[in-house]
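2 protein chains.
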Amino acid sequence: MTGAESLLQSALKSGVDTCFANPGTTEMDLVAALDKTPEMKTVLALFEGVCTGMADGYGRMLDRPAMTLLHLGVGLGNGIANLHNARRAQTPIVNIIGDHPVDHVPYDAPLTSDIATMAIPVSNEICTSTSSDMVGGDFARLVAQAKTLPGKIATHITPSDVMKNETSMVHDPVAPDAPPAIDDSVVKECQAALEGSGSETAIIINGRALRQEGLTLANQVASKTGCTLFSVCFPGRLERGAGVAPITRLPYFPEMVLEKLQPFKTLILIGGYTDPVSFFKYEGIPSSLVPEGCRTIRLAEPSQDTVMALKVLCESVNASGESVKTQELKLYDKPTGAIDRNTISPAIASTLPENVIISDESGMSGGPIFYHTMSGPAHTSMYLTGGGIGYGMPCATGAAIACSDRKVLSLQADGSGMYTVQALWTQAREQLDVTTVLFSNKKYQILQVELDRAGIKEPGSIAQSLTELSNPDIGWASLAKGFGVPAAEPQTAEGFVQELERAYAEPGPHMIVLNI
Amino acid sequence: MTGAESLLQSALKSGVDTCFANPGTTEMDLVAALDKTPEMKTVLALFEGVCTGMADGYGRMLDRPAMTLLHLGVGLGNGIANLHNARRAQTPIVNIIGDHPVDHVPYDAPLTSDIATMAIPVSNEICTSTSSDMVGGDFARLVAQAKTLPGKIATHITPSDVMKNETSMVHDPVAPDAPPAIDDSVVKECQAALEGSGSETAIIINGRALRQEGLTLANQVASKTGCTLFSVCFPGRLERGAGVAPITRLPYFPEMVLEKLQPFKTLILIGGYTDPVSFFKYEGIPSSLVPEGCRTIRLAEPSQDTVMALKVLCESVNASGESVKTQELKLYDKPTGAIDRNTISPAIASTLPENVIISDESGMSGGPIFYHTMSGPAHTSMYLTGGGIGYGMPCATGAAIACSDRKVLSLQADGSGMYTVQALWTQAREQLDVTTVLFSNKKYQILQVELDRAGIKEPGSIAQSLTELSNPDIGWASLAKGFGVPAAEPQTAEGFVQELERAYAEPGPHMIVLNI
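Chains as they are written, first to last, in our numbering: chain R, 1 to 516; chain F, 1001 to 1516.
Any given hint could turn out to be false.
To be clear about the criterion: a stretch of chain R counts as covered by chain F if any three or more of its residues have a C-beta under 8 Å from a C-beta of chain F, and this derived list gives those stretches [what the hints assert, rightly or not]: (1) 18 to 30; (2) 94 to 108.
The list that follows gives simulated cross-link-like pairs (lysine-lysine, DSS-like), each with its CA atoms no further than 25 Å apart [unchecked claim]: (3) R:Lys188 <-> R:Lys224; (4) F:Lys1442 <-> R:Lys36; (5) R:Lys457 <-> F:Lys1041.
Calculated from the structure, these hints are not laboratory results. Built from N, CA and C at the ideal position, the CB exists for glycine as well.
One chain only, chain R, in its complex shape (with noise of 0.2 Å):
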């Protein structure tokens, strides 16, 4: 066999049978493996930026890396932003990222790049393989850094002569790396705290304990003492809804995280990379959020196991009896009338189907939907972990892929959504039961918000150019059907719940574009 061949084999045995591909010249051998290997679920995407986005919403689903296919250093380059994305949402990825064999790098033909070092800021690992009996193993290792906690970028660099050449070797899977225990004397540093004074402490959460057994031992920990429970602002994946145990979303804005935070004067942090911090630095406001005079205490860090972590602290305070308060189910009315913000939100919320997984980008229209959401049916949420914009289609597309069962709803701004837009030709390629809800507004609505936070009260005709997405407006509709999405452009409330209930009972992707 091939190498490209013993690499597929290799990843098959370790657990990875999905490649999300954009492949070239130097991939040929590699698309030819696929060829013979129809275990390995292949999905094409038609920019790089959708195959890493689309990896980036597999891992979260599914915690395991899926593998994305790439083209030398120009496709590594256009997959960078959700990669970026990838990495802060602690999701494993195995890029494969073809190359020139090795012997003609040194000639410098036109598509010849430095891969490894255009990968050092996305990547926790990079390996490039120079031989065909190795080039499977190197996957498997990467495959169990991927997998370490808390999920990690592993970058594969193949030289097409090394997926050529021939070889006899399949690898054994490899096993990750144990997450280092959590430490007792930290454990107790928290449990000192949560009994001294639980109403003066909050445990601020981020990672796999955002999810059903994770939220009900902080819940049945803040029962039983008191203490206040947050998320980070943007995780990676939040369960919610009803029989979920609830937890605060931290705000965005630094001055209402303060606002939050000023209470506490113990915070507990569990799977962050870092202290509360501002997204970004604003004139008066410090970079770090935590109040003064308030102290934090890292129970885990993102390569610990953060369910652990709540489990121990949770029979340290003797909360495991605790009876568990979830979010009970209330359900609103379908709203009739204009759209508007009043009336988008108890739409979404009123339709949202069962155990539905959301891919939120939906920069300043969120906020209402979030909130008329929280009560409805237990639902997965996923955010905008690393700033990047462009990942809510491709992350809809991927869990989709990954949950075949689950219906997607994908909430989508419009400036954003520009940046990944060729995802909607895999979700029809695919027909996957993606509903996009797209929000027109017709602006970088978030520019305008942080000129005017910049004190640029009264902003010329240049700056507003450069913050609105008119002259000409974007015809979503007819983008979508270009793509081969359906789409419906409702005048109502009323035609907006139809459209979603229209929506989520026809198989294959769809596409409301709400001009607000």
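Position chain F against the provided structure of chain R, taking the given hints into account.
Then chain F, alone, in the frame of chain R:
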């Protein structure tokens, strides 16, 4: 004034007066400064790859840099592929990349990444400014570096506090480095080869020598000595058509290059980065395409003055008095009948406007068009220098902004067109005279050819699926309409001619979709 205003004032003094922008929060002070600086033409794009591709097209036409405005590492990532192409095109560009304030970076906020490392593979120069007093001077120095031959990519990382803080400094232009002189002894070596056996000598040219003056000089040398002239396969810019001294482009596939170069004992290289090399490596074909027993003489490196090199070469062989054999005008009849390989090229050639700029990313559809336009009115052609697909529509857009008095013809294959399709919106917004001919063959045809070359004669369903842009077909006219560009889908050759004539006659962008 702010650091951002100082940067813009310094930029204007250095002759940089155009900014291709996709700003975010960290760039708000630059947006505010742009608002106060109408002398700086600011063009918004919906995706950073469009910004960098526009800067490439602009720089190719004007030989001076535009600036791009990108949002941190994720914005740079999205722009990398077209910066790679620009570097290979020897295009001067200065990238402005916003970043967090220096003292916010260690807090590792979600958008933080290692921008400088990411920039290395696509930048000749990288500078991070640390003071508002210096930021304009840093920019002026980067402009000089970008302008230093052959044309370079300079990346300027501008922390938001540096852009916000006050300064009174506006900085003077900095002179680019002078190119190293052409080496007399190398000229003598070339002269000896040309005079000794001109018919066994070929000159391979890249860079600015592929314009009127350089081509004229090369033509005189060839007339005098009987040598053969080639351009590299993918020059950044090539002048051609009636009245211009013609030159043969080297072919793409290596076995064809080897065949072309077989007759020669000496290759004189002007302005190329390397000896002729295979674009990709194929089994049994060497990386270097210099025939065995043939020697190469590097008369001018990319960093040298390639026109000067031809001038001294021309004088050395006493060819300055030679009459120049320019291309004669030969117009084709307007074709009728079906739209196919026999009619597409004559339709384009027979309607070609005088002095048009062609951005050629026609992929496998381009060969016959190159042939038929050769004898059309004088025009400029631009090619995919770096192999990073998605250069065509942005490059056409940037060229149209650089040369508002010229028509632009964007020859675009469907697969590559999908990577930076957002360029159409900027064409509509700026009402640019760009006519896009979209070759919708519904496949990555080059990959089907490459599969065949790799010995995969009967690809199975997965390999087929990875090379076909069908299921669903992409509705290009619908996409164009969504971006505000009127589109036609002619069904006959006469209809195609009519649409071309209409597109050239009407102001603003047009797309003509050819379903082939």
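We went through each hint and held it up to the structure:
With 7 residues having a beta carbon nearer than 8 Å to a beta carbon of chain F, the segment 18 to 30 of chain R meets the requirement of three or more and the stated coverage holds. Note: the segment 94 to 108 of chain R has 6 residues with beta-carbon separation from chain F under 8 Å; the three-residue rule is met and the coverage holds. For the hint linking R:Lys188 to R:Lys224, the alpha-carbon distance of about 16 Å falls within 25 Å, and the restraint holds. Only pairs whose Cα atoms come within 25 Å are accepted, and F:Lys1442 paired with R:Lys36 is accepted, the gap being roughly 24 Å.
Pair hint R:Lys457 plus F:Lys1041 holds up; C-alpha atoms about 22 Å apart against a cutoff of 25 Å.
Of the numbered hints listed earlier, not one is contradicted by the structure.
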